[in-house]
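Here the protein sequences line up with chains U and H, keeping their order.
Anchor point for the first sequence: position 252 equals 257 in our numbering, and the numbering is continuous, going up by one each time.
Anchor point for the second sequence: position 118 equals 152 in our numbering, and the numbering is continuous, going up by one each time.
These are computed hints drawn from the structure, not numbers from a lab.
These figures come from a predicted structure and were not determined experimentally.
Check each hint, because a few of them may be wrong.
[Stated by the list, open to error] Under the rule of at most 27 Å between Cα atoms (straight-line distance), these lysine-lysine pairs were calculated in the DSSO-like manner: (1) 38(H) - 342(U); (2) 419(U) - 38(H); (3) 118(H) - 79(H).
[Stated by the list, open to error] Some chain U residues near chain H, calculated using beta-carbon distances under 7 Å: (4) 87; (5) 336; (6) 361; (7) 365; (8) 384; (9) 388; (10) 390; (11) 393; (12) 616.
Even glycine gets a Cβ: it sits at the ideal position worked out from N, Cα and C.
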Amino acid sequence: MTVEIGHFALILALTLALIQAVVPFVGARRGDPALMGVGAGAALAQFVFVAVAFAALARAHLTSDFSVVNVAENSHSALPAIYKFAGVWGNHEGSMLLWVLILSAFGALAAAFSRGLPARLGADALAAQGLIGAAFLAFILFTSNPFARVWPAPFEGGDLNPVLQDPGLAIHPPLLYFGYVGFSIVFSFAVAALVEGRVDAAWARFARPFALVAWCFLTLGVAMGSYWAYYTLGWGGFWFWDPVENASLMPWLAGTAFVHSAAVMEKRDALKVWTIFLAIVAFSFSLIGTFLVRSGVLTSVHAFASDPRRGVFILAILAFFIAGSLALFAWRAPLLKQGGLFAPISREGALALNNLLLTSACATVLFGTLYPLALEEFSGEKITVGAPFFNMTAGLLMLAACFVAPFGFSLAWKRGDLLGVAQRLAVAIAGGFVVLVALIAIFRGGPILEPIAAGLAAFVMLGALCEVVARVWRSGASFAAALSRARGLPLSFWGGAAAHFGVGVTLLGLAGVGFGAETIATMRIGEAQKVGPYAVVLETVGQRNGPNYRDSVAAMTIRSGGAFAAAIEPARRQFSARQTTTTQAGIATLDFGQVYVSIGDPNADGGVPARLYWKPLVTLIWLGAAVMALGGLLSLADRRLRFGAPALRRARAAATGVEAQPQ
Amino acid sequence: MTRKGRRLALIAAALGVAAVALGLALYALTDSIVFFLSPSEVLAKNLAPGARLRIGGLLLPGSVTRSADEAIDFAITDGKNQIKVSYRGLTPDLFREGQGVVAEGALDAPGHLHADTILAKHDERYMPPEVVEALKKQGRWQEGAKP
């Protein structure tokens, strides 16, 4: 019965989304506050009904109700509870439902905070958000209904894909979806601004917190996906430039550019049209990502089922929103008042350059992802565009963006002094240079890109620190004075410093891996195998039973110069329900590096085929992402950025009879 | 700097970065794309040794020989022709005789691939679409039939 309630709630949510799409928009055209006010209520109610639908599906999964097709195909009664729950979005229908749940949650959030907005802008934004919700709810109800029943109900489910039976499934998709879908609000605001034909610094103030939330989640989601692939696939790689990964990287790049250009718009009233364009592009990439992943165009572990109707439906949604918003942009953007121009050597100049680099990187990723699909469609030739292409294009452009970042962070608004900034960054420049030269000297004839990346990483990290020191410390001042000065700095400054530092940390991790080692060997019990500075010894081989699988475990110890350093247990995991085997890598974190071992099926003579890696500094890749997200969070917590802050201040000023100071 | 100068600087920067990105993309495209072929196409095209490509088909039953140090030799077939492949390393979880497989590497002799990457299916219900295509061309694939 709950399943039918869920289905019905979803239908109600669709009708509410349609109301939300139409009524506030009409109200805004007629200047009718009552009609405009409908948007907020509809958005909140839509969220409630989608939540009910999601809860109904979750209940069906948790209670293993195999009369529901979705549960019967993708769950199993022997699954641990966490995978029963995470399995809700471990399939096509459920993951789309999660997508819509998060979409409606953001819509409700925007509705709750829209009071400080100009009424028409808020109404139009909610209408646009309602339209997106309606499109995806219709997609679910007409092509991917998660509530369909099957009769007679099977006794046992078909099981969750073993590759997905991992704690990562509980974390990665929600994080990523919060990121993807978070940009929908920014998109809706951009559409509303275009409909209004007016955009100003206040717009950036409304849109930026949502963009920051989305960006933080997306950063964590991408990093989490990378780490999951790294430990679960057993290949030791953390980024494959797989189209599905690219689909998450593109909105991240566009979102990063947006967060920066919105800052320029807010502070200097410049780059307005560009910022609106980025808002559209960032969410368009989220939609493209959803299309690539969900339509079955690509084959990957993410493509659950390929029903051609779904692909066409998503393509139609994609074409409508992207083409529609770009057409609206082309039509209305000339109406927007151009912002001021700025000097090339200034903080806004550096941010504009970084925007150019990030969007170009994004464009090359898009090209490399879609070119093989287009070529196959038109000429029938099948090609793969692999890592070398992306490293050469997007990789280099992103390195260039990293190089510009510390300069931009240290330059002043309006008119900067490049020489002064170079002096301010002297320690960082020297530090980066020393790292570069030292690495080239030590590893003579070795890789060249890695020392450059490491030097750049040192420059970026030290650059962020230099700026903090320059703001906090004055020669001759006491420690207490520095501390109070540090406390006086706005949180958004600390956020920027942390995010940039995080970029450096990630870059250092990427560079470090280049100095790693890899061997393939048949290991025998008691024998040691050298990898990097460590020796790995196979101790025992045995069997172990899990709740719904059986492991062949190879217990190994890692030794450093004869002394015990860590123990690992790489395994082959045999799932009985689907007769599938997965590789469970054995990973030991030593300092910031990792020893990574994955094994094959033991040979008849007792040897265990193994692939061993030493990956120096590899954990920094993901720690850096966490630091970046922390930076975003700090910026978000800045009171000056807080939603409706100016309205509050104005209200307070009005109450005390003092005229509010213009920003 | 005048207003005109500032605008020029912005446009020049935009065009400069776009040109660099385009140049990099074109340069990278010339030597980092890999073609996907079926065994029959590889033989028909008479490719020069050293060419990098991806070959997809079924793992020929009985062709797998493993030797010391995880070196492995096998053959990929599309039902008509086959290509011998040698590879060193661990094979994917679903690398099984008679199942779909994709090998990427360089030809070192006509009809022999020195592979550095082996891809197989994610689960037993999934078949790489390239392999399906290759098999369809040879008339060895029926829609809807279980492989």
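A quick look at each hint next to the structure:
Under the criterion of a C-alpha separation no larger than 27 Å, the hint pairing residue 38(H) with residue 342(U) is consistent with the structure, at around 18 Å. Distance check on the hinted pair: residue 419(U) and residue 38(H) sit about 16 Å apart at the alpha-carbon level, within 27 Å; holds. The straight-line distance between the Cα atoms of residue 118(H) and residue 79(H) is roughly 16 Å, inside the 27 Å bound, and the hint therefore holds. For the restraint placing residue 87(U) at the interface with chain H, the shortest Cβ-Cβ distance is roughly 21 Å, beyond the 7 Å limit, so the hint is violated.
Checking residue 336(U) against chain H by beta carbon gives a least distance of about 22 Å; that is not within 7 Å, so the hint is violated. The beta carbon of residue 361(U) is positioned within 7 Å of a beta carbon in chain H (closest approach about 4 Å), and the interface hint is therefore held. The beta carbon of residue 365(U) comes within 4 Å of a beta carbon in chain H, closer than 7 Å, and the hint placing it at the interface holds. Because the closest C-beta pair between residue 384(U) and chain H is about 11 Å apart, greater than 7 Å, the hint is violated.
Given hint, residue 388(U) at the interface with chain H, holds; its Cβ is 5 Å from that chain's nearest Cβ, closer than 7 Å. Hint status for residue 390(U): holds, given a least beta-carbon distance of 5 Å to chain H, under 7 Å. This hint holds: residue 393(U) has a C-beta 4 Å from the nearest C-beta of chain H, less than the 7 Å allowed. The criterion of a C-beta within 7 Å of any C-beta in chain H is met by residue 616(U), whose closest approach is roughly 5 Å, and the hint holds.
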